[in-house]
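Q: Each chain, written out:
Number of protein chains: 2
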Amino acid sequence: MPTSWYNILPDLPKSLPPPTDPDEGQSRLKRLEEVLLAHCLEQEGSEERWIRIPDGIRELYEQAGRPRPLIRARRLEEKLKTPARLYYKAEFYSPTGSHKVNTALAQAYYARKEGYERLSTETGAGQWGSALAYAASLVGLELVVYWVRAVYKWKDERRHFMKAFNARVRASPSKHTEVGRGLLKEDPEHLGSLGIAVSEGLEEAGKDPRTIYCLGSVLNHVLLHQTIIGLETKLQMEMVDDYPDVMISCLGGGSNFGGFVLPFVADVIKGRKIRFIATQSEAAPNLQGEYRYDFADHAELTPMLKMYTLGHRKKMQPIKADGLRYHGAAPIISLLRHEGYIDTIAYPADESYVFEKARIFTTTEGFLPAPESAYSITGAIDEALRCKETGEEEVIAFNISGHGLLDIEAYREKLGI
Amino acid sequence: MPTSWYNILPDLPKSLPPPTDPDEGQSRLKRLEEVLLAHCLEQEGSEERWIRIPDGIRELYEQAGRPRPLIRARRLEEKLKTPARLYYKAEFYSPTGSHKVNTALAQAYYARKEGYERLSTETGAGQWGSALAYAASLVGLELVVYWVRAVYKWKDERRHFMKAFNARVRASPSKHTEVGRGLLKEDPEHLGSLGIAVSEGLEEAGKDPRTIYCLGSVLNHVLLHQTIIGLETKLQMEMVDDYPDVMISCLGGGSNFGGFVLPFVADVIKGRKIRFIATQSEAAPNLQGEYRYDFADHAELTPMLKMYTLGHRKKMQPIKADGLRYHGAAPIISLLRHEGYIDTIAYPADESYVFEKARIFTTTEGFLPAPESAYSITGAIDEALRCKETGEEEVIAFNISGHGLLDIEAYREKLGI
Chain Z
1 MPTSWYNILP DLPKSLPPPT DPDEGQSRLK RLEEVLLAHC LEQEGSEERW
51 IRIPDGIREL YEQAGRPRPL IRARRLEEKL KTPARLYYKA EFYSPTGSHK
101 VNTALAQAYY ARKEGYERLS TETGAGQWGS ALAYAASLVG LELVVYWVRA
151 VYKWKDERRH FMKAFNARVR ASPSKHTEVG RGLLKEDPEH LGSLGIAVSE
201 GLEEAGKDPR TIYCLGSVLN HVLLHQTIIG LETKLQMEMV DDYPDVMISC
251 LGGGSNFGGF VLPFVADVIK GRKIRFIATQ SEAAPNLQGE YRYDFADHAE
301 LTPMLKMYTL GHRKKMQPIK ADGLRYHGAA PIISLLRHEG YIDTIAYPAD
351 ESYVFEKARI FTTTEGFLPA PESAYSITGA IDEALRCKET GEEEVIAFNI
401 SGHGLLDIEA YREKLGI
Chain A
1 MPTSWYNILP DLPKSLPPPT DPDEGQSRLK RLEEVLLAHC LEQEGSEERW
51 IRIPDGIREL YEQAGRPRPL IRARRLEEKL KTPARLYYKA EFYSPTGSHK
101 VNTALAQAYY ARKEGYERLS TETGAGQWGS ALAYAASLVG LELVVYWVRA
151 VYKWKDERRH FMKAFNARVR ASPSKHTEVG RGLLKEDPEH LGSLGIAVSE
201 GLEEAGKDPR TIYCLGSVLN HVLLHQTIIG LETKLQMEMV DDYPDVMISC
251 LGGGSNFGGF VLPFVADVIK GRKIRFIATQ SEAAPNLQGE YRYDFADHAE
301 LTPMLKMYTL GHRKKMQPIK ADGLRYHGAA PIISLLRHEG YIDTIAYPAD
351 ESYVFEKARI FTTTEGFLPA PESAYSITGA IDEALRCKET GEEEVIAFNI
401 SGHGLLDIEA YREKLGI
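As you go down the protein sequences, you meet chains Z and A in turn. Residue 120 in our numbering sits at position 120 of the first sequence; the count goes up by one each step and never skips. Residue 335 in our numbering sits at position 335 of the second sequence; the count goes up by one each step and never skips.
Don't read these hints as lab results, they were simulated from the structure. Some hints could be false.
No distinction is drawn between identical chains; accordingly, a pair holds when it is met within one copy or between any pair of copies.
[Stated by the list, open to error] With a cut-off of at most 25 Å between alpha-carbon atoms, the simulated DSS-like pairs for lysine-lysine come out as follows:
| # | residue 1 | residue 2 |
| --- | --- | --- |
| 1 | K79 | K113 |
| 2 | K315 | K185 |
| 3 | K175 | K270 |
| 4 | K30 | K273 |
| 5 | K153 | K414 |
Bound conformation, chain Z alone (with noise of 0.2 Å):
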């Protein structure tokens, strides 16, 4: 297992554009310096290119089941017959179902490091508020989650798992916070959305100094936390004498994306050369958005980051992959496409192009993915199928961030089974 998380915030091809506040008080600016914890802060804008990862959290890992596997795709190959090589990476083996956790067990490991006693945040699909509660729960730290109303009142059982690990769900809006009652005042029955969820959570945060606000995708320093997918990958890579012609993963904020791809993207601006896919739904093609600066949340409350954005307050059609579900990309992921890294492709909005290749790769390959892995899956195989026709040897990587053992209700309504 690696020892440090790669930071390519210094190897970037242009500097990182810093994050602005349209506020002339930059009240937007400091109230993220203050929710945020103090190791991620600085890791946020941090010039080292290696980062040690402490003891504590190799531990927490070591629990978690890392390192996971890199595993070679036999049976998916000889199934679709292509010449390409297929290397999935097993981040479905997860104790929470997603690889979450890796940014989850840190952030909770520096809270309590930091003193704080409770954790506060938001969730939408769901993934991150259980990885959240999972890693509270390992650190002996208490946790209150604002989760959407409208998936909250739908997704009963991942409600229930968290609370199996004695954290506090509430639906968002709630009467919990001056936010979520002022809106309840208007409607009792409000179905709320992520920026409001991340109102509530950062609330509940600020009136309590035993509290700190934990975050799931977008900022620097999650990614950060991610590259252990990446860097583990490179070394199952080199284990095996392999590496990479193309490398593919599904993107919503950017964190299973840039975890896994980041390490190697560190060689192409060195010069080696691999195409990098990141996969969306038509839904949510934020990659294919503008390259501007725009907030990263629906209410305005967080300072405005460049990326590609569909614009913060874009309404977006449901999707059984909720979690690719937001309309812009991680700061990083974006400047690396911008500068022409990273290609992209969106998938019809309806998902059963996707769902029946994720019942492919289950039925040849045995695991059953989370829907949002279906698009890493969707594109693996596209590309693997263009070999078929090209008769190119490539090897083809894609990362299966989660597991679809809590979304089976998904696959019944989009395989008709």
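Go by the hints and put chain A onto chain Z.
A: Here is chain A on its own, set in the frame of chain Z:
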């Protein structure tokens, strides 16, 4: 990863009483011979101590994530303040959620090798059906599962999970067999039983030479395949230079318990000292029944096996740990129990005691166990607390045979979360 399975038959303190048939024509014994795979039938009575795992099965085990970790439960030890050292085997890191894949992959591999095109089986809790659906899909065989209607109707997600692997899943009794049609004529809403489902699976295989029947527990060859668990555990214990004083697992028919302990029982037969504890429910405390010949199924289609039994038509109240609800224990385990090698404890059938223990495990170690595995955990915690009282630094090893991600509703109900 071990290269052979361990066959305890030649090492047993007494020779294993063979199956018998009260029918003069021995029709049941003949049927058993006809429906079992040739390789499994040979293994069933083999006197070879080590049976090589074919390369093809080893490759399938690797694909399924073997070897699986043995984890030192340091957080649980701290929580309990016990001087004991606790280790658990992580069989929950399984593509379908349980240890059942260990024999499912072996049987599917042999079936393919022997030229069959289809498998048939029954399932009760659904773990065995899921594992065989997975295995059949990977080796390229069709599968028909007869699933006790009472459970079929209730566990939607597990049903769709099997179907994602292309299994045909039929509520039993069904219209597809004579046995089923007869019972449906009497009662169109018949809820079925494991015995009826067995009959339908057997009939399905009997009428089609392309189809072979597979079994998920009780028989010697199933326990043989499961010894991969204990053999790995033994190697992993050696790597940390430790050795168990106590070994604990839950027991329904006996496949996970047997697989975990039999390689260590071999040491005890040679003079080492280990206490083996099978944890059960008061709803089905079969190891506290009578040691005698009894049928393995409700409908008396199987030969009689010498085993600890509650009687093959015993009514047993429903519990969440449905996999423990079986009237008899595997003949090998029963003999060892009779000879004094194995202790047992049965926990109250309302299950609140075991679910609370499962929660302690979840919040400290981070893994949500299957309801059945909650019984292993309860045994381990009780032993650890005993050590706390006596001050003994014992080594306690236990097996977590499955995860609870498809059983969250049971947790909600039992824990009131």
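Q: Work down the list of hints and note, for each, if the structure agrees.
A: Hints, one by one, checked against the model:
In this assembly of identical chains, K79 and K113 lie within 25 Å of each other by CA distance solely across copies; the values are 19 Å between and 50 Å within a copy. When the C-alpha separation of K315 and K185 is checked against a cutoff of 25 Å, the pair qualifies only within one copy, where the shortest distance is 23 Å, while the shortest distance between copies is 55 Å. Taking the shortest Cα distances, K175 and K270 never come within 25 Å of each other, neither inside one copy (53 Å) nor across copies (66 Å). Taking CA atoms no more than 25 Å apart as the test, K30 paired with K273 passes in neither setting, with 40 Å inside one copy and 64 Å between copies.
For the homomeric pair K153 and K414, the shortest alpha-carbon distances inside one copy (20 Å) and between copies (21 Å) are both at most 25 Å.
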